[in-house]
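There are 2 protein chains.
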Amino acid sequence: MKNTSVDPIKGFSKLSKQAKMEWLVQNFSDEPNESLQMLQGYWHALPEVQKLHDEFIENTVSNYYLPFGVAPNFQINQKMYTIPFAIEESSVVAAAAKAANFWLDRGGFKTTVLSTTKVGHVHFIWDGQDHAALSSFFSNYKDNLISSTDEITKNMRARGGGILDIELIDKSELETDYFQLAVKFDTRDSMGANFINSCLETIAKEWQSSIEASDLAGNVQIVMSILSNYTPECVVRAEVSCAVEDINEGSGISNKEFAEKFRRAIRIAQIEPYRAVTHNKGIMNGIDSVIIATGNDFRATEACAHAYAARDGQYRSLTNAEVVDGTFRFWLDLPLSVGTVGGIISLHPMVKFAHELLGNPDAEELMQIIAVAGLAQNFSAVRSLITSGIQKGHMKMHLLNILNQLEATEDEKAQIVEYFKDKVVSFSAAVEIFSKLRGIPVDQKVKK
Amino acid sequence: MKNTSVDPIKGFSKLSKQAKMEWLVQNFSDEPNESLQMLQGYWHALPEVQKLHDEFIENTVSNYYLPFGVAPNFQINQKMYTIPFAIEESSVVAAAAKAANFWLDRGGFKTTVLSTTKVGHVHFIWDGQDHAALSSFFSNYKDNLISSTDEITKNMRARGGGILDIELIDKSELETDYFQLAVKFDTRDSMGANFINSCLETIAKEWQSSIEASDLAGNVQIVMSILSNYTPECVVRAEVSCAVEDINEGSGISNKEFAEKFRRAIRIAQIEPYRAVTHNKGIMNGIDSVIIATGNDFRATEACAHAYAARDGQYRSLTNAEVVDGTFRFWLDLPLSVGTVGGIISLHPMVKFAHELLGNPDAEELMQIIAVAGLAQNFSAVRSLITSGIQKGHMKMHLLNILNQLEATEDEKAQIVEYFKDKVVSFSAAVEIFSKLRGIPVDQKVKK
Chain L
2 MKNTSVDPIK
12 GFSKLSKQAK
22 MEWLVQNFSD
32 EPNESLQMLQ
42 GYWHALPEVQ
52 KLHDEFIENT
62 VSNYYLPFGV
72 APNFQINQKM
82 YTIPFAIEES
92 SVVAAAAKAA
102 NFWLDRGGFK
112 TTVLSTTKVG
122 HVHFIWDGQD
132 HAALSSFFSN
142 YKDNLISSTD
152 EITKNMRARG
162 GGILDIELID
172 KSELETDYFQ
182 LAVKFDTRDS
192 MGANFINSCL
202 ETIAKEWQSS
212 IEASDLAGNV
222 QIVMSILSNY
232 TPECVVRAEV
242 SCAVEDINEG
252 SGISNKEFAE
262 KFRRAIRIAQ
272 IEPYRAVTHN
282 KGIMNGIDSV
292 IIATGNDFRA
302 TEACAHAYAA
312 RDGQYRSLTN
322 AEVVDGTFRF
332 WLDLPLSVGT
342 VGGIISLHPM
352 VKFAHELLGN
362 PDAEELMQII
372 AVAGLAQNFS
382 AVRSLITSGI
392 QKGHMKMHLL
402 NILNQLEATE
412 DEKAQIVEYF
422 KDKVVSFSAA
432 VEIFSKLRGI
442 PVDQKVKK
Chain B
2 MKNTSVDPIK
12 GFSKLSKQAK
22 MEWLVQNFSD
32 EPNESLQMLQ
42 GYWHALPEVQ
52 KLHDEFIENT
62 VSNYYLPFGV
72 APNFQINQKM
82 YTIPFAIEES
92 SVVAAAAKAA
102 NFWLDRGGFK
112 TTVLSTTKVG
122 HVHFIWDGQD
132 HAALSSFFSN
142 YKDNLISSTD
152 EITKNMRARG
162 GGILDIELID
172 KSELETDYFQ
182 LAVKFDTRDS
192 MGANFINSCL
202 ETIAKEWQSS
212 IEASDLAGNV
222 QIVMSILSNY
232 TPECVVRAEV
242 SCAVEDINEG
252 SGISNKEFAE
262 KFRRAIRIAQ
272 IEPYRAVTHN
282 KGIMNGIDSV
292 IIATGNDFRA
302 TEACAHAYAA
312 RDGQYRSLTN
322 AEVVDGTFRF
332 WLDLPLSVGT
342 VGGIISLHPM
352 VKFAHELLGN
362 PDAEELMQII
372 AVAGLAQNFS
382 AVRSLITSGI
392 QKGHMKMHLL
402 NILNQLEATE
412 DEKAQIVEYF
422 KDKVVSFSAA
432 VEIFSKLRGI
442 PVDQKVKK
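Going down the list, the protein sequences come from chains L and B. So the mapping is simple: our numbering equals the position in the first sequence, first residue as 1, plus 1. So the mapping is simple: our numbering equals the position in the second sequence, first residue as 1, plus 1.
Derived from the structure by calculation, the hints contain no laboratory data. This one's a predicted model, so the numbers in the text were calculated from it and none came from an experiment. Warning: the hint list may mix true and false statements.
Copies of the same chain are indistinguishable here, so a pair counts whether it falls within one copy or spans any two.
As the list claims (entries may be wrong) - Pairs of lysine to any residue residues, derived as SDA-like cross-links and limited to a Cα-Cα distance of at most 25 Å, are as follows:
hint	residue 1	residue 2
1	Lys18	Leu47
2	Lys18	Asp412
3	Lys15	Ala159
4	Lys172	Gly314
5	Lys206	Val114
6	Lys111	Arg268
Given the sequences, and given the hints that come with them, work out the whole structure.
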């Protein structure tokens, strides 16, 4: 491979896409022409579509493919959905589809939006001594702060959203002279990040100049104005339940034992952070897949969900389970801020298709669908864990990747998939049967 | 739009890709033929490449494009890197590139791998009373547990990795009869999820049968065997530092004020969870972009990072800053489990290219590069926040998306970008200048 310690380059972002790619392959690739072709091979055939994708971010040279799959048969509040997933991990879609079918026969999923308030902060330093005076000044000036954003909030107010409230919070005990204006928002069907940030920056300016123009003794410095991705007041619940005797989940353990073991697995994820992290990671496999497919921001979703999981001081499971009076119940409460308009949603053709597939839901309906994808994912994962173990199903799904890595032919693939139908897949077992089939020695140097 | 409450479908996963797509568009699309063409338009031109992507997951119908961009000029431990980003959000790559250039002139990034141990657990219930006897039985049997995995760990041991230790942990005070076997691993250059899970499932079986065959009084039930995505002993540090007088960051505030305001912004993210979540989300914008581009698992990375952020009982910033004796220092400690072999890494052509771009690093080097992407991202975000505000730069980057949404021509785009060169972009301002340019009334119904 080439030495990657190349000289710095000036003005890279100003180069054409072609020039950028050429610089990349010349400096970093052993086979510049092949790499150039590979990058171009991932472009969309229609230049105008490719240009659209290029312009989403900066210095774009190609597209990264995430597989786009679907899982049908989700019954949510008596309505049927087929859910789109954009995800690279084997078995996530299979697990979701399995859970959808399982619960379809047992009343489906029930969901509720518990709250929809979002929040942002003007973080500022004020070195005055009379905190009561600041508080009283704020109360008198609050309406002006809100009306200073009238131009920005006009359209949002017309849609029924806007600023709900502003609160002055004294945090000076934690950090000298530190205060916040905490602003609550209803952003309707948009995720609202740009809207909230624009409002906050305007409020910050207005607040600073109003204090400077006042007779309050003290200097104000705005540290920053920014939305919070933590939305514990924008929460959706998804749940499933059935009589323990109806579980019949098919792996051979009794209904009662299954329900009890499931409850215990969730309990372990409640009390043991090492388990909770992996448990919630599995939930997010489902959540993020739909977040991405619908053009939402998975980093925001992740940060919020995990901080929420740690809200009582210990990191815990986001799902809960109980067995009460012969009824098994399993549910997820998830803070979730998503949009169905704005951002790349109306631009990305695959995203538009994902929304169409879901019946063009509004933001509240989308919250519910996404939460179901997370709950379904978790149900299948825990079900596997407490019965056959996770590897059996997962490795079966991963088998095709292993066979592609070995460059197996379609015919070999078919034979090997058949062979593993009733056996546990492992990388070494796959290599072994593959080598046997070809009549070659088992190659220990095959890259794992 | 079509009514999405379609009848359940049986055997969907067994349908051909074509039949799946047809079922989707017939049932969910207003324009089935256009949707079918759209889905196919996102396929790779080479059927064998497309097939590879199809087989990563289940029920694949097309590819979801994430823009693949690059940021050059990262100096890390005196070596130059160009870092690949797969991300849909405007301004992430631009922010990273800006930070790379900024620190290139100030000594670059320094990184260290602090630890590389991964962990997994056999969670089990044992209803015996004599916990000391169990503990002593475990100590005597531990070597057999390790050797029970010999077949699975053979290749990993040949590469210098394997099982490091097993510990019996009594958690019965938290949940009746609950114990763990906590197993520590070195998985070398692989992320190791499949390897760890296979080892754990084998150890669990061996453990269960050994207890059943022993004279210990008590029944054992394996609840589940699973790796932990929480890896607080697999941690990388990335840092930057320079003399305060060398900061000259260019936004007009003094070097000293900048350093102090920056330190304060990080301090706020340490003490205020509402800020910490958004702060860490920004770090993960950088981290996840490289995680995805290099074929790693961003859900695992996210879950681990955020749980780590909450490890002392309050959710806090992952980065730290200090100003000591005239030196500004800014650093990130991040638990991070990544691989450079296994999974889809050697299969996905764009992933292979990303690794080539980075000089085909091993897992430890990749940890360091990824941490730098997170630190760089956070530096640029906080720098904007405490100087010009986040919206100025972000909306400038988002402007092309807005113009594409308005279906502006290339010529109109160029004029409008020029117009905003010295102005703050907002959606309504963009609509206004666009309408003016076309000589049409401002359309309030343009979808935001």
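Using 25 Å as the alpha carbon limit, work out where Lys111 and Arg268 are close: within a copy, between copies, both or neither. Close inside one copy (22 Å), not across copies (42 Å); limit 25 Å.
Up to 25 Å CA-CA - Val114 versus Lys206, copy category: Neither. Shortest intra-copy (34 Å) and inter-copy (43 Å) distances fail the 25 Å Cα cut-off.
Within, between, both or neither: how does the pair Lys18, Leu47 come out at a Cα-Cα threshold of 25 Å? both (16 Å within a copy, 23 Å between copies)
Checking an output row: Lys172 and Gly314, CA cutoff 25 Å. Within, between, both or neither? Intra 20 Å, inter 19 Å, cutoff 25 Å: intra and inter.
Homomeric proximity label, Lys18 with Asp412: Cα distance no greater than 25 Å: Intra 41 Å, inter 18 Å, cutoff 25 Å: inter-copy only.
With identical chains, the pair Lys15 and Ala159 could be close in the same copy or across copies; at 25 Å between alpha carbons, which is it: within, between, both, or neither? neither (40 Å within a copy, 48 Å between copies)
Violated hints, listed in ascending order, are 3 and 5; each of the other numbered hints is respected by the structure.
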